[in-house]
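Student: Here is how the chains run, residue by residue.
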Amino acid sequence: MAPLFRRRANSLAVVILVGILALLVAISVFAYVVYRSPYQTDVGYAPEQPVPFSHQHHVGGLGLDCRYCHSGVETSDFAGIPPTLTCMTCHSQEWTNAEMLAPVRQSLTTETPLSWTRVHDLADYVYFSHRAHVNNGVGCESCHGRVDKMPMTVQKAPLTMKWCLSCHRNPAPNLRPLDEITSMGYSPATDGASGQMLMQRYRIHPDTLKECATCHR
Amino acid sequence: MTRLARPCIAALLALSMTLSIAACDQPHMEDQAKYETFEAAPEWADDQSALTPVPGSVARDARLGPVPDELPMPLTAELLERGRERFNIYCSPCHARTGSGHGMVVQRGFPQPPTFHSERLRQAPLRHFYDVISDGFGVMYAYRDRVAPEDRWAIAAYIRALQLARHASLADVPADVRQRLKRGDATKVTP
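Protein chains in written order, with my numbering: chain A, 1 to 217; chain B, 1001 to 1191.
So here's chain A without its partners, still in its complex pose:
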């Protein structure tokens, strides 16, 4: 009887086995790349808003400080989204007939808040606090990018655990003096005080920053 398998089958088996392994590796690499791609992490996400509010005009153009509107950022975990009255401190006199601002005026007369769509949204099992960062030398720009150049608010950082840890492992190069926290275009590496000095001034101990319970509590 002729042999069921030819001699060639030996090498064919090896090729098939290696091929399957290579395919598995390729699939996992592809899956990982997709999983960490902007498509999954939402980098570049810029949702439609009820009013086409532009940070570029208000921060870049008028030079407003972030805290004029996000006034809770230094005192609470939540940065705060400005209430209608904050817009009206200026728009009671500025651009009072603009069609674009009709929802703001309507919100004031009917006393119903504007419902902005969240841009950044961490998973609910992660604890995050603005107060902890903003009072310890981490500037808005380090996490939110050049907000003063955004006509539409857009997410710039992936907000993955890897991203948080890349800074928590070594915060020094990202630290700024307190009066530069809301500045845009400041470079912690080349401008102002050195990172090591600021680490001491803010008394930052990187050991606890890597513990799971810092962010998952």
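It cannot be assumed that every hint is accurate.
[Claimed, not checked] Cross-link-like lysine to any residue pairs, in silico, SDA-like; alpha carbons within 20 Å at most:
no., chain 1, residue 1, chain 2, residue 2
1, B, 1034, A, 124
2, A, 149, A, 52
3, B, 1034, A, 117
4, B, 1034, A, 129
5, B, 1034, A, 217
6, B, 1034, A, 125
7, A, 156, A, 122
8, B, 1034, A, 115
9, B, 1034, A, 215
10, B, 1034, A, 120
11, B, 1034, A, 123
These are computed hints drawn from the structure, not numbers from a lab. Just so you know, these numbers come straight off a predicted model, no measurement behind them.
Position chain B relative to chain A; hints supplied.
Tutor: Using the frame of chain A, we list chain B on its own:
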């Protein structure tokens, strides 16, 4: 063959159990059944989880006594520094960093506020600035929701410093700094 059947069935069972655990979709931990700050809450008042406080609510740490007429804290460099920071955030868009009233928003058409360097406002007590920040003034809205009482005093003290600075003469400057001012490198004088 029967000798192998039992371990085989056991192994299959174990495998299917592990697989079924893995396949079990975790209830979404990213979006838990709780309201985050300002999250929409259908069927609550205005569909929002952040409720408006009942009229007459008092903040837990609010000081309830009457507002003092004079600065209630010692006048320190830190207080002025705090006042400078807060003034530049909340007031300078209209009143300008110098208090002249030519801020960026005014340049874009907002009614111009009076300068802080007029005789009337130079004579005004600090309490006047405190009250304007708390309650607003004419077309200027109140800033009580964003500027805490201590910060209002800090801003008032800083406005006074701005007013004094506008009318300062060389004789008010300490002797060592005066030399540098005369040489013209004034930028190095400000700390």
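Student: Does each hint fit the structure? Answer for all of them.
Tutor: Cross-check of the supplied hints:
no. : hint             : in the structure
1   : 1034/B <-> 124/A : holds, 9 Å
2   : 149/A <-> 52/A   : holds, 14 Å
3   : 1034/B <-> 117/A : holds, 18 Å
4   : 1034/B <-> 129/A : holds, 18 Å
5   : 1034/B <-> 217/A : holds, 15 Å
6   : 1034/B <-> 125/A : holds, 11 Å
7   : 156/A <-> 122/A  : holds, 13 Å
8   : 1034/B <-> 115/A : holds, 19 Å
9   : 1034/B <-> 215/A : holds, 18 Å
10  : 1034/B <-> 120/A : holds, 18 Å
11  : 1034/B <-> 123/A : holds, 12 Å
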